[in-house]
Amino acid sequence: MKLLEYQAKEVLSSLGIAIPPGRVAHTPDEAAAACAELGPVAVKAQVPVGGRGKAGGIKLAKSPDEARAAAAQIIGMEIKGFKVPLVYCESALEIEREIYLGFTVDRDARANILMLSAKGGMEIEQVAEESPESIARLYPNPWRGPLDFELAQLVYDADLGGLARPLTALIKKLYRAIPDLDAVTAEINPLVVTKKGEVIAGDAKLEIDENAMWRRKDLEAKYGSVLEGDPYEVEAKKRGLTYVSLGGDIGIIGNGAGLCMGTLDLVQRAGGRPANFCDIGGGAKAEVVENALAVILMNPDVKGVVMNVFGGITRGDEVAKGLVAARDNLKMKVPLVVRLSGTRAEEGREILKQNGIEPGVSAWEAAQKIVELTSTAGRA
Amino acid sequence: MSILLDAGTKVIVQGITGREGTFHAEQMQALGTKVVGGTSPGKGGTTHLGVAVFNTVADAVKATGASASGIFVPPPFAADAIMEAASAGITLIVCITEGIPIQDMIKVKDYLRGHPQARLIGPNCPGLITPGAAKIGIIPQAITRPGHVGLVSRSGTLTYEVATALSAAGLGQSTIVGIGGDPVLGLTFRDVIELFEKDAATTHLVVIGEIGGSDEEHAAEVLARGTRLKTVAFISGRTAPEGKRMGHAGAIISGNRGTAKSKEEAFRKAGVAVAETTDQIVGLLK
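Chains as they are written, first to last, in my numbering: chain V, 24 to 403; chain C, 430 to 715.
Hints listed in this document are in silico derivations from the structure and should not be mistaken for laboratory results.
Quantities reported herein were computed from a predicted structural model and do not represent experimental measurements.
Virtual Cβ for every residue (Gly too), placed ideally from N, Cα, C.
Treat the hints loosely; a few may be bogus.
As the list claims (entries may be wrong) - Derived DEER-like restraints, expressed as beta-carbon distance ranges:
#1 Lys218(V) x Gly700(C): 42 to 48 Å
#2 Gly655(C) x Glu373(V): 45 to 51 Å
#3 Arg167(V) x Ala571(C): 34 to 40 Å
#4 Glu60(V) x Pro505(C): 40 to 46 Å
#5 Lys659(C) x Gly263(V): 40 to 46 Å
#6 Pro505(C) x Lys308(V): 31 to 37 Å
Said to hold, decoys possible - Keeping only pairs whose Cα atoms sit at most 27 Å apart, straight-line, the calculated DSSO-like set for lysine-lysine is:
#7 Lys690(C) x Lys103(V)
#8 Lys195(V) x Lys106(V)
#9 Lys308(V) x Lys245(V)
#10 Lys195(V) x Lys538(C)
#11 Lys25(V) x Lys538(C)
Please construct the entire structure, taking both the sequences and the accompanying hints into account.
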């Protein structure tokens with residue numbers, strides 16, 4: 024679960040890290056009121072993706088009127104596919120210097136990595152590429168967390184020895200997000216040192232492990248439902264499906280993420296545009312299939328659906344029966360092509376054929392068929 | 430022959446009395462896997478599926494001499510189950526469980542450094558099968574046949590798809606290993622490829638990768654040093670949009686390494702044939 028900036032800052036604040044004063048605004052009037060209360064503010068789009076500054080999602084406002092105008096512009100704009108639902112109005116900081124601090128999971132090392140750099144604020148990825156030595160790194164022991172001397176080494180390695188005391192204290196607080204919150208990524212960039220010498224989180228990114236939600240119910244309750252840009256993704260989540268919207272017009276269902284991604288690749292290869300990725304997991308129970316179809320058909324752009332099911336232990340004839348029932352229950356009108364393989368696939372294909380559903384023997388054949396059917400439907 | 434697992438391997442099932450554990454332990458037995466026992470805390474001393482149930486892995490190992498374990502316990506208990514198996518001296522630990530928190534797995538990886546005898550496969554994987562001999566996990570026996578192709582994959586159902594195609598084309602498999610889709614996992618492509626390299630019965634190799642991480646690139650580095658195995662690689666997710674989560678926690682594009690393009694290029698550079706669709710794999714392998 025990716026938190027929005029204001030949510031991440033709320034969490035950082037709860038860990039004892041200083042954040043600038045700020046207010047959430049859902050409307051231009053609320054933004055004006057926030058500015059009236061806080062003085063000059065940055066009006067920032069709240070979306071769970073990076074690059075919002077470049078997209079025009081951050082504006083400075085000196086007066087309530089300016090804040091109102093900025094919020095009116097930003098709320099509702101689209102940034103990388105996310106419609107901005109609200110803005111965060113935050114007091115501007117008097118910046119002395121900007122530091123980078125973050126942690127993430129280093130997949131190669133199979134460990135958490137803490138990173139600290141004196142070259143914060145600008146494109147940290149560029150820094151990483153051009154002068155990797157200017158990013159100090161530490162792999163804390165996952166059982167006991169970083170020790171004081173290790174943190175001191177990190178700070179000195181980053182050439183930030185002058186700030187050793189406040190920084191080690193702050194990194195320790197940030198690290199709590201790993202054991203206490205199951206954070207998999209946290210980033211404070213910039214970590215601002217103000218002219219007065221305070222160390223404050225200028226921006227914040229925080230991602231919580233989806234696999235750990237069962238023990239982070241409080242976080243999910245607080246932040247889980249605020250936004251996930253796409254209505255179909257929200258609905259799919261409610262129904263317990265793994266679903267990602269992709270903007271095309273061919274619905275895709277597969278059992279297993281790899282098979283589903285493979286199907287997506289094939290549809291694209293056949294000249295089609297996938298509307299979504301929808302993994303119904305192993306097996307292919309009738310109600311899960313129906314749920315997946317229901318969500319996909321909510322999208323009026325969908326001109327056809329292709330389903331790729333490998334019935335390893337699940338029987339193909341049972342999958343087929345469930346599919347026919349789902350289609351009938353949903354009164355599905357667009358074409359459906361089903362690629363069924365595995366145990367009793369032939370019986371399954373026969374059932375599909377008898378009920379007017381196009382069976383595909385290979386995934387490639389199914390992908391071509393759905394592209395053909397949907398492009399004909401488009402011309403008609 | 431095979432890698433990691435054969436008909437003589439003594440296997441226990443952790444969580445054998447659960448629904449999943451029961452179902453798959455039966456399937457494992459049906460293939461002839463030497464399932465010598467299982468664990469289920471509180472049910473020690475009973476019998477299930479014709480084998481003894483123990484409270485702990487240590488008890489099971491002591492009584493049966495098992496060297497391998499299949500783990501079918503829910504996510505909150507799975508990390509502990511892996512460490513329990515390693516602590517009891519199990520040398521092949523196969524964790525099928527999907528949805529283990531990443532931080533738990535990071536602790537597991539650290540713990541396993543102190544138990545170098547233990548090889549972990551998974552989590553979030555279909556396990557492994559040596560066709561006609563034995564399996565640990567959930568790969569359906571019916572789609573496999575004994576032979577000389579080593580198959581290693583990050584995906585579950587895609588593995589089945591490829592195994593089905595290989596078997597239909599008369600290309601049997603020495604061992605099929607599903608290493609799992611999580612970002613923090615046990616054996617990697619490289620580890621498994623090195624095992625296949627040493628296995629005289631394996632003459633061909635199929636690597637099924639996925640976007641995200643750089644394990645495929647590392648595997649390509651190993652293959653680039655020279656291999657006697659005729660190899661085909663396939664990467665799924667070539668059209669997946671950047672930064673979107675695709676179900677497998679691991680399938681997130683990160684940096685330049687991690688894209689389908691980077692992985693395919695790495696394999697091509699290593700002299701490995703790259704299939705653009707799964708349908709092409711059989712043709713390229715022959």
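Verification of the supplied hints:
{"no.": "1", "hint": "Lys218(V) x Gly700(C): 42 to 48 Å", "verdict": "59 Å, violated"}
{"no.": "2", "hint": "Gly655(C) x Glu373(V): 45 to 51 Å", "verdict": "49 Å, holds"}
{"no.": "3", "hint": "Arg167(V) x Ala571(C): 34 to 40 Å", "verdict": "48 Å, violated"}
{"no.": "4", "hint": "Glu60(V) x Pro505(C): 40 to 46 Å", "verdict": "44 Å, holds"}
{"no.": "5", "hint": "Lys659(C) x Gly263(V): 40 to 46 Å", "verdict": "42 Å, holds"}
{"no.": "6", "hint": "Pro505(C) x Lys308(V): 31 to 37 Å", "verdict": "23 Å, violated"}
{"no.": "7", "hint": "Lys690(C) x Lys103(V)", "verdict": "22 Å, holds"}
{"no.": "8", "hint": "Lys195(V) x Lys106(V)", "verdict": "35 Å, violated"}
{"no.": "9", "hint": "Lys308(V) x Lys245(V)", "verdict": "32 Å, violated"}
{"no.": "10", "hint": "Lys195(V) x Lys538(C)", "verdict": "23 Å, holds"}
{"no.": "11", "hint": "Lys25(V) x Lys538(C)", "verdict": "25 Å, holds"}
Comparing the model with each earlier hint shows violations of hints 1, 3, 6, 8, 9; every other hint is respected.
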